[in-house]
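Residue numbers (this note's numbering), protein chains in the order written: chain A, 1 to 251; chain B, 1 to 466.
There's no promise every hint is true.
Said to hold, decoys possible - For each label pair, taking beta carbons as the anchor points, the in silico distance ranges come out as:
(1) B:D364 / A:L169: 20 to 30 angstroms
(2) B:H71 / A:F231: 25 to 35 angstroms
(3) A:G185 / B:W92: 41 to 51 angstroms
Stated by the list, open to error - Subject to a maximum C-alpha distance of 27 angstroms in a straight line, what follows is the list of computed DSS-like cross-link-like pairs (lysine-lysine):
(4) A:K45 / A:K248
(5) A:K248 / B:K73
(6) B:K295 / A:K248
(7) A:K141 / B:K295
(8) B:K126 / B:K242
(9) B:K421 / A:K29
(10) B:K295 / B:K32
(11) B:K42 / A:K97
(12) A:K248 / B:K5
(13) B:K42 / B:K295
(14) A:K91 / B:K73
(15) A:K100 / B:K32
(16) B:K421 / A:K248
Claimed, not checked - Far from chain A by the CB rule (all over 10 angstroms, computed), these chain B residues:
(17) M87
(18) F200
(19) V214
(20) I247
(21) V255
(22) I258
(23) M259
(24) E277
(25) I289
(26) F381
(27) Q432
(28) A465
Simulated from the structure, these hints should not be mistaken for lab results. Quick reminder that beta carbons are idealized off the backbone N, C-alpha and C, glycines included.
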Amino acid sequence: MKKIILSLLISVFTSWSAFAATDTIPWDKAPNKINDLGALQNGAKLFVNYCLNCHAAAYMRFNRLTDIGLTEQQIKDNLLFTTDKVGETMKITMDPKQAKDWFGGNPPDLTVIARSRSGHGGTGADYIYTYLRSYYRDPSKATGWNNLAFPNVGMPHVLWELQGERKPLFDKVASHGHETQVFKGWQQVSAGKLSPAEYDAAVGDLVSYMQWMSDPTQSLRVQVGVWVMIFLLIFMFIAWRLNAAFWKDIR
Amino acid sequence: MAEFKEISPNAPLADKALNWVDNRFPLSKLYKEHLSEYYAPKNFNFLYFFGVLSMLVLVIQIVTGIFLVMHYKPDAATAFASVEYIMRDVPWGWLIRYMHSTGASAFFVVVYMHMFRGLIYGSYRKPRELVWLFGCAIFLALMGEAFMGYLLPWGQMSYWGAQVIVNLFSAIPFIGPDLALLIRGDYVVGDATLNRFFAFHVIAVPLVLLGLVVAHIIALHEVGSNNPDGIEIKATKDANGKPLDGIPFHPYYTVHDIMGVTGFLLVFSAIIFFAPEFGGYFLEYNNFIPADPLKTPLHIAPVWYFTPYYSMLRAITSEMMYALIVCVIAAAYLGASRAAISNTFKILVVAGALVVVGLMLAIDAKFWGVMVMGGAVIILFFLPWLDHCEVKSIRFKPTWHSYVYAVFVINFIVLGYLGIKPPSLINERISQVGTLFYFGFFLLMPWWSRLGETKSLPERVNFVAH
Chain A
1 MKKIILSLLI
11 SVFTSWSAFA
21 ATDTIPWDKA
31 PNKINDLGAL
41 QNGAKLFVNY
51 CLNCHAAAYM
61 RFNRLTDIGL
71 TEQQIKDNLL
81 FTTDKVGETM
91 KITMDPKQAK
101 DWFGGNPPDL
111 TVIARSRSGH
121 GGTGADYIYT
131 YLRSYYRDPS
141 KATGWNNLAF
151 PNVGMPHVLW
161 ELQGERKPLF
171 DKVASHGHET
181 QVFKGWQQVS
191 AGKLSPAEYD
201 AAVGDLVSYM
211 QWMSDPTQSL
221 RVQVGVWVMI
231 FLLIFMFIAW
241 RLNAAFWKDI
251 R
Chain B
1 MAEFKEISPN
11 APLADKALNW
21 VDNRFPLSKL
31 YKEHLSEYYA
41 PKNFNFLYFF
51 GVLSMLVLVI
61 QIVTGIFLVM
71 HYKPDAATAF
81 ASVEYIMRDV
91 PWGWLIRYMH
101 STGASAFFVV
111 VYMHMFRGLI
121 YGSYRKPREL
131 VWLFGCAIFL
141 ALMGEAFMGY
151 LLPWGQMSYW
161 GAQVIVNLFS
171 AIPFIGPDLA
181 LLIRGDYVVG
191 DATLNRFFAF
201 HVIAVPLVLL
211 GLVVAHIIAL
221 HEVGSNNPDG
231 IEIKATKDAN
241 GKPLDGIPFH
251 PYYTVHDIMG
261 VTGFLLVFSA
271 IIFFAPEFGG
281 YFLEYNNFIP
291 ADPLKTPLHI
301 APVWYFTPYY
311 SMLRAITSEM
321 MYALIVCVIA
331 AAYLGASRAA
341 ISNTFKILVV
351 AGALVVVGLM
361 LAIDAKFWGV
371 MVMGGAVIIL
381 FFLPWLDHCE
391 VKSIRFKPTW
401 HSYVYAVFVI
411 NFIVLGYLGI
421 KPPSLINERI
431 SQVGTLFYFG
441 FFLLMPWWSR
451 LGETKSLPER
461 VNFVAH
């Protein structure tokens, strides 16, 4: 019983909620590269190198990457770090207990993250695209990083070497009798390995990959769907004429 | 019992085989009674597709369900992963799963349309009361089926939706907490809950549903179908005793329904292949996050098909109780002063009302919210005895009646919309008015359905040849 009360209390007061991202900056539109195999492959590389150390994608098999044009040999040579079997799913070796100590919570599994984050602000891809480009330095946080799209986030800025360091700029606006801060834009503090445009493109690739991974059959689904619709339209015509042929005697 | 029929030894083999079966099982008889010699009115319109479509969706759900169960694991630790396994690793598993998830919403779309059809054409009126009652029971079973099925993917919405709804039962005085415990099998929704919901979803409720569907159709074929004009086609028969405005179900309505089925499949397939989440209404985004008992989502709403009732549940606040008490007192006053009943009855009415008011003051509003939500479905069962209009169909009812029905439909949709939205004061007020209208529509029907001038009924159905 104690455990239940405790868990309910935690659930009420937790700020590490998946839905903390509702009251934040508007989401940018993620570029749509779902049919661009080169971008998806680059995204897969970024994903395995930067994300797949703390986050798992436990429902995603490595050999599924053959769907985006990689061979099993390429996957084995370049992407397998935690396992030697290409038929394995993308698991990680990090201990969940330690993860909790380090980040204040377990890094969520990322297999279907792009689907789960959709909302009124845009698609899940839009959210992740915005989120990965909204980090700024905040010495008051344990990791030294904070995020405008996900305030008080537990995750540090993993891609900071690529992006460099940025600082958000705010305008003070008076509304309803009190002053509020309105986000105006970013200022580059120190340069990263990539230029801002290159960084946006890289994150776009990564997000497209995550979008693909969340539903790997989505392109196939649309292709099959077109044929199904064509068949049904033809069949509809036949059904309509058949019906008319029978019903012509009904007066 | 039928006579044993001999057949000529020279008859073709197929005839001999059929005769052999017919002497042992009423095959030809069933075929005639339900298809080739079941006379259906010839003036069915678009709305009459939704009966056969409900049956189609039921079959889709059962067949896809069988294949899902082959790979799904009813275990809190592996349920979410097994659904993703179906989506990724089972060949064409994604198609089966999307058919089933879209089918759930499609089921409610076609059933709501089917019920709407019955409502406006008076298909529940004598002699079709039992058809309607079986139908209402099907709707109730379907709601249970949908609710329990929604827990199985074990996502955040599955989990917290079930938590909220099961907690409603604990609002019932005395037995509530124990009842909720019995439903969950645990103090919180957990593995035990998942297992029993799985059992109910895959075998118990489908069995009940199938039995009720058979009863629904047998009752319908016994009395014959109603039609948009709401007049009995059996009243005008030809020399052979066949209804003049009736046509054999097969082949006329079988070919007609093939057309309707194809039209439905076009829409259904478009959703499955191009928008299976349907903007988060058919597959909710939060449900792609595994269930986590430690993280309550900020906004928990049921799936769209339950939201009108959910709105009514939320409308019953402690303030709203005073409005309801006024309604009960007004009803008792009218009953005691105006109704043509004996004095003993009048005293009983007043006493009953006082008891109800006492209970309404004594018991928490949450409980009455649950009663209102349940009552909103249960009240449908009484429809055949609430409608006192001289004619069945809206076509011949006084014109202003159609406005009442239109407001009823809009009100139902508004309630559904408000049930999706997070609570706010203005939404609460609107849903309270909506709840009063919903119940007023039914409870005052014996009075308002009698008012106004009905239009004169035709001898034969209105039909324009195609």
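Violated constraints from the hint list, given by number and in increasing order: Hint check: 1, 4, 5, 6, 10, 11, 12, 13, 15, 16, 17, 20, 21, 22, 23, 24, 25 and 28 fail, others pass.
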